[in-house]
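Residue numbers (the working numbering), protein chains in the order written: chain F, 647 to 940; chain R, 647 to 940; chain E, 647 to 940; chain P, 647 to 940.
Be careful, since some hints might not be right.
Just so you know, same-sequence chains aren't split out, so a pair can sit in one copy or run between any two.
In the DSBU-like style, the derived pairs of lysine-lysine whose C-alpha atoms are separated by at most 30 Å in a straight line are [claimed, not checked]:
| # | residue 1 | residue 2 |
| --- | --- | --- |
| 1 | K711 | K881 |
| 2 | K881 | K851 |
| 3 | K711 | K851 |
| 4 | K759 | K879 |
| 5 | K879 | K711 |
What the hints contain is simulated information worked out from the structure, not anything from laboratory work.
4 protein chains.
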Amino acid sequence: MSAQAIHGIIGYTITPFDAEGHLDLPALGHSIERLIEGGVHAIAPLGSTGEGAYLTEQEWEAVAKFTLTQVNQRVPTIVSVSDLTTAGTLRRARFAEEHGADAVMVLPISYWKLSEEEIFEHYRAVGDQLGIPIMLYNNPGTSGIDMSVDLIMRIVNSVGNVTMVKESTGDIQRMHQLHLRSQGQLPFYNGCNPLALEAFVAGAKGWCTAAPNLIPELNCQLYMATSEGQLDKAKALFYRQLPLLDFILRGGLPSTIKAGLRLTGIEAGAPRRPLSALNAEGCRQLQGMLNELT
Amino acid sequence: MSAQAIHGIIGYTITPFDAEGHLDLPALGHSIERLIEGGVHAIAPLGSTGEGAYLTEQEWEAVAKFTLTQVNQRVPTIVSVSDLTTAGTLRRARFAEEHGADAVMVLPISYWKLSEEEIFEHYRAVGDQLGIPIMLYNNPGTSGIDMSVDLIMRIVNSVGNVTMVKESTGDIQRMHQLHLRSQGQLPFYNGCNPLALEAFVAGAKGWCTAAPNLIPELNCQLYMATSEGQLDKAKALFYRQLPLLDFILRGGLPSTIKAGLRLTGIEAGAPRRPLSALNAEGCRQLQGMLNELT
Amino acid sequence: MSAQAIHGIIGYTITPFDAEGHLDLPALGHSIERLIEGGVHAIAPLGSTGEGAYLTEQEWEAVAKFTLTQVNQRVPTIVSVSDLTTAGTLRRARFAEEHGADAVMVLPISYWKLSEEEIFEHYRAVGDQLGIPIMLYNNPGTSGIDMSVDLIMRIVNSVGNVTMVKESTGDIQRMHQLHLRSQGQLPFYNGCNPLALEAFVAGAKGWCTAAPNLIPELNCQLYMATSEGQLDKAKALFYRQLPLLDFILRGGLPSTIKAGLRLTGIEAGAPRRPLSALNAEGCRQLQGMLNELT
Amino acid sequence: MSAQAIHGIIGYTITPFDAEGHLDLPALGHSIERLIEGGVHAIAPLGSTGEGAYLTEQEWEAVAKFTLTQVNQRVPTIVSVSDLTTAGTLRRARFAEEHGADAVMVLPISYWKLSEEEIFEHYRAVGDQLGIPIMLYNNPGTSGIDMSVDLIMRIVNSVGNVTMVKESTGDIQRMHQLHLRSQGQLPFYNGCNPLALEAFVAGAKGWCTAAPNLIPELNCQLYMATSEGQLDKAKALFYRQLPLLDFILRGGLPSTIKAGLRLTGIEAGAPRRPLSALNAEGCRQLQGMLNELT
Numbered sequence: 647m648s649a650q651a652i653h654g655i656i657g658y659t660i661t662p663f664d665a666e667g668h669l670d671l672p673a674l675g676h677s678i679e680r681l682i683e684g685g686v687h688a689i690a691p692l693g694s695t696g697e698g699a700y701l702t703e704q705e706w707e708a709v710a711k712f713t714l715t716q717v718n719q720r721v722p723t724i725v726s727v728s729d730l731t732t733a734g735t736l737r738r739a740r741f742a743e744e745h746g747a748d749a750v751m752v753l754p755i756s757y758w759k760l761s762e763e764e765i766f767e768h769y770r771a772v773g774d775q776l777g778i779p780i781m782l783y784n785n786p787g788t789s790g791i792d793m794s795v796d797l798i799m800r801i802v803n804s805v806g807n808v809t810m811v812k813e814s815t816g817d818i819q820r821m822h823q824l825h826l827r828s829q830g831q832l833p834f835y836n837g838c839n840p841l842a843l844e845a846f847v848a849g850a851k852g853w854c855t856a857a858p859n860l861i862p863e864l865n866c867q868l869y870m871a872t873s874e875g876q877l878d879k880a881k882a883l884f885y886r887q888l889p890l891l892d893f894i895l896r897g898g899l900p901s902t903i904k905a906g907l908r909l910t911g912i913e914a915g916a917p918r919r920p921l922s923a924l925n926a927e928g929c930r931q932l933q934g935m936l937n938e939l940t
Numbered sequence: 647m648s649a650q651a652i653h654g655i656i657g658y659t660i661t662p663f664d665a666e667g668h669l670d671l672p673a674l675g676h677s678i679e680r681l682i683e684g685g686v687h688a689i690a691p692l693g694s695t696g697e698g699a700y701l702t703e704q705e706w707e708a709v710a711k712f713t714l715t716q717v718n719q720r721v722p723t724i725v726s727v728s729d730l731t732t733a734g735t736l737r738r739a740r741f742a743e744e745h746g747a748d749a750v751m752v753l754p755i756s757y758w759k760l761s762e763e764e765i766f767e768h769y770r771a772v773g774d775q776l777g778i779p780i781m782l783y784n785n786p787g788t789s790g791i792d793m794s795v796d797l798i799m800r801i802v803n804s805v806g807n808v809t810m811v812k813e814s815t816g817d818i819q820r821m822h823q824l825h826l827r828s829q830g831q832l833p834f835y836n837g838c839n840p841l842a843l844e845a846f847v848a849g850a851k852g853w854c855t856a857a858p859n860l861i862p863e864l865n866c867q868l869y870m871a872t873s874e875g876q877l878d879k880a881k882a883l884f885y886r887q888l889p890l891l892d893f894i895l896r897g898g899l900p901s902t903i904k905a906g907l908r909l910t911g912i913e914a915g916a917p918r919r920p921l922s923a924l925n926a927e928g929c930r931q932l933q934g935m936l937n938e939l940t
Numbered sequence: 647m648s649a650q651a652i653h654g655i656i657g658y659t660i661t662p663f664d665a666e667g668h669l670d671l672p673a674l675g676h677s678i679e680r681l682i683e684g685g686v687h688a689i690a691p692l693g694s695t696g697e698g699a700y701l702t703e704q705e706w707e708a709v710a711k712f713t714l715t716q717v718n719q720r721v722p723t724i725v726s727v728s729d730l731t732t733a734g735t736l737r738r739a740r741f742a743e744e745h746g747a748d749a750v751m752v753l754p755i756s757y758w759k760l761s762e763e764e765i766f767e768h769y770r771a772v773g774d775q776l777g778i779p780i781m782l783y784n785n786p787g788t789s790g791i792d793m794s795v796d797l798i799m800r801i802v803n804s805v806g807n808v809t810m811v812k813e814s815t816g817d818i819q820r821m822h823q824l825h826l827r828s829q830g831q832l833p834f835y836n837g838c839n840p841l842a843l844e845a846f847v848a849g850a851k852g853w854c855t856a857a858p859n860l861i862p863e864l865n866c867q868l869y870m871a872t873s874e875g876q877l878d879k880a881k882a883l884f885y886r887q888l889p890l891l892d893f894i895l896r897g898g899l900p901s902t903i904k905a906g907l908r909l910t911g912i913e914a915g916a917p918r919r920p921l922s923a924l925n926a927e928g929c930r931q932l933q934g935m936l937n938e939l940t
Numbered sequence: 647m648s649a650q651a652i653h654g655i656i657g658y659t660i661t662p663f664d665a666e667g668h669l670d671l672p673a674l675g676h677s678i679e680r681l682i683e684g685g686v687h688a689i690a691p692l693g694s695t696g697e698g699a700y701l702t703e704q705e706w707e708a709v710a711k712f713t714l715t716q717v718n719q720r721v722p723t724i725v726s727v728s729d730l731t732t733a734g735t736l737r738r739a740r741f742a743e744e745h746g747a748d749a750v751m752v753l754p755i756s757y758w759k760l761s762e763e764e765i766f767e768h769y770r771a772v773g774d775q776l777g778i779p780i781m782l783y784n785n786p787g788t789s790g791i792d793m794s795v796d797l798i799m800r801i802v803n804s805v806g807n808v809t810m811v812k813e814s815t816g817d818i819q820r821m822h823q824l825h826l827r828s829q830g831q832l833p834f835y836n837g838c839n840p841l842a843l844e845a846f847v848a849g850a851k852g853w854c855t856a857a858p859n860l861i862p863e864l865n866c867q868l869y870m871a872t873s874e875g876q877l878d879k880a881k882a883l884f885y886r887q888l889p890l891l892d893f894i895l896r897g898g899l900p901s902t903i904k905a906g907l908r909l910t911g912i913e914a915g916a917p918r919r920p921l922s923a924l925n926a927e928g929c930r931q932l933q934g935m936l937n938e939l940t
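Bound-form chain F, shown alone:
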């Protein structure tokens, strides 16, 4: 399966915990099956939604391995392998590759703000030792680092297997620039839920989202409508799901998606502290939205 095939709705998984806070892999299996049945075009474990940053190394490996086995190449799997150190990122990326990932996603998370040169070398070090494609991920809201379009294009042009870009700044003009600078040749993906419609209109090849854990049909229909150039239909579908997209982003994806899964029959536990579970009022609002949409 070619990484070039990655497109459409890329469903992000949560990482379920049991009452004691341990991994609950069977629940992860249920949630993956729901995503695939819902029609997602790819699966992405261990991202922001998957609390990848809050897991021990052993937990991280267990989730990566379990997910790849469960998906079993029915759709491509893109594993988030971001770690604070270059060595840790590379180790995770190789683990993913060895266990059958189609691609890895790399966000330059940081404690100290990194210079452009440090970011560049980080991608090069990982890229040079990997045999599968890398999706470069820009999300200053979580990483504290905002990669300029100039830097992204430099990395893409210099590191052979950085072949995809996920953009989550919320600024649609970044996608315009990626399109113009690459003469439309660089596949870019949208990671900001409330930009779903505009990103597809601007040429995004896919939408990286946790929403299909709850409303996969609406997400897929929006992709279809824009693919087929049906603007009015796409607009109506977008505004229908937008309140939910706003809600899950504002409330924090691990908290809101886990609450939504519980409301729809999959018990995935609470997010790991300091993240907190969605409160009662939030659950009530979410139930109201789900009632209307599903």
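Position chains R, E and P against the provided structure of chain F, taking the given hints into account.
Leaving out everything else, chains R, E and P in the frame of chain F:
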């Protein structure tokens, strides 16, 4: 002509000066004719592009009166009447109304940052004494004030003749919220050139832009394509004109549009100091883009 | 009187209006007398506090002339002459010079954001035609333009009569850099009330403030204590007046200072709309602070 | 040794690595001895300078244990125990307590932005299970979270052993507010090197800094001068060391301090990737400054 008819491409005029820095009304007449011949759906004098903030009161009145006479109701005219004081804004708004404007545009420009209550009272004071519609204008980049969607909705719901909103933050999500909060009933207009495609897709009723001074056909075709739901055509038209839209925004609209008018046969002079004319390298780049697009 | 003599507490005047909103010059005279009796080392009319941006040209000239006559060189007078256009700024600067100002203050206010080159040329154009010193003023909070230390030093080194810098960003590190870059030779002044202590400690030659309209003794004592190197005394004086300094800044200087003048016996009217007068709760708080401090 | 005794110059240690990237504890020992000989009043391992965020759990524990043994209560030791999870932070804090730390420092690092409630619960969970004082640390530049003074005061007032606050926003007004809100009773510490002078003047009880790895005498003299109210001497000492303080902050503390240690005879290796070692030009500049200051 009803203000509700305001839609499509709203062309912003420059304010031409002669070599001594005095108003050059004949040149303004030429530029208005070009906009109307180019197919714009409305004309907007004395906005940011029109250097309204840099004119004396006498000059401001002369430009307002001349423009309304020249347009002569062939298309609606929306006059920017923003002034630092509430009294000054009201005086300009009444002048525009008395001379036949279809609507006025009000940006809460400031020296001291205004509180939400001060902004609200500013709109109420103007609205209460005016018989024509007001387009509320949000543009923190020039005004230093960013009105929240909450505040905008409060003003729209309380001041009867604030019936339109122009949004220029560059954040498409503001338009989403205006659409959702008003159940699609509040007409909003895009004032950020590089968001032209996405704003129409998100439901903007019009595009407030100085670009039709240079490329009116491309601007109108983009509006038409989105109106007719032709997504692929709209996308191609948008990316074709985007480099020029980026260029005129980055270089400052008075400077770049006046330079472009000169390159295309209308001498409108230089912008008023401290604004500077486009330099030689900028003119060369602009000529290159115009060669390609026209 | 040499401009090099400008130091210490530089008291900013309000511009009083009567009940009909017209200039109230006698009240201005009273407030100037209070400032001088309170011990300020210089007087500065028509600044941010003085609502200079909200006056007509005739009002502006009347206030400038009246103030210079009233002060009558008992202390230096620094007139704020900022205008949106370079021509307007120059005209005001010459008016101030002709009527006996010791120096003028120039803030590069803007509608369109200015480039560094445009700002530089603005100062050069004014400086080249003026015979008195200019205090360059940096205050992004009101002007929308933040001049870098690099740009400020370039202007100071190139325009002969720009001999003083007023810094109001609230970032004490800017003052450090002005000190280091000029080997301690460039006089800089603090325009951010809550930084009064630290700015003097860092070497500021003066404090530009509207606070002496209300608490001139405390302001002057703080200056004295730091001049004499009495750190503990300065710290105690600073923390004593800080709540009031915070209050007048947060509430907007024209509104809070005019309210405070009324509470202490000078009726200066309300600020000009859209600025609003301090509300009843604010007046109550202000009265409480004044009771404690005076 | 009481935590209340923590004051003055709090020296932050680097974490040395050998050529293979493994911990070099003997080098850590040398650097600790130099700090103590230089006169620091406390030692703080595993902070931002100590690359605490980039270590494995085993490495973290080894450094904590080694440092506590080496210092051997000659001065207080404050161990940074921040971890992305609450459980991990608590585990580290207990480890530090068990091995003799006088206090721990907790920065609410995050991947997902935390709500105020989540931050509050994070501190409470750690505080409730710890027998030694906690220094709350606010540094949005590295943590991505900016705790308001309101939130800090709420935590201090509710969690018994949060008894100290380290402020690194670079905004001296935060320290003013901590002082005013606590009637001068809450000990606060400055973590922003270029604010060293002003923070002491505003009442900071200590300066948390990596600078004493290179210039301990100048740091201690500045503290002494402000303690004794010698303003002119303090100012001269501050401006003398400011270029170095600016340099080490701008270049990243792990990189610049390790380079400086090498230049002064302690080989501590390079920082861990993606952080990069100071380049040749940077080393040359640093050498020049050290020549002048030591």
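Hint check:
1. Neither within a single protomer nor between protomers do K711 and K881 lie at most 30 Å apart by alpha-carbon distance, with minima of 38 Å and 41 Å respectively.
2. In the homo-oligomer, the alpha carbons of K881 and K851 lie at most 30 Å apart both inside one protomer (18 Å) and across protomers (14 Å), since each shortest distance falls under that limit.
3. With identical chains, the CA atoms of K711 and K851 are at most 30 Å apart within one copy only, with a shortest distance of 27 Å there and 50 Å across copies.
4. Neither within a single protomer nor between protomers do K759 and K879 lie at most 30 Å apart by alpha-carbon distance, with minima of 43 Å and 35 Å respectively.
5. Taking the shortest alpha-carbon separations for K879 and K711, neither the intra-copy value of 39 Å nor the inter-copy value of 44 Å comes in at or below 30 Å.
Going through the hint list in order, the structure does not satisfy hints 1, 4 and 5.
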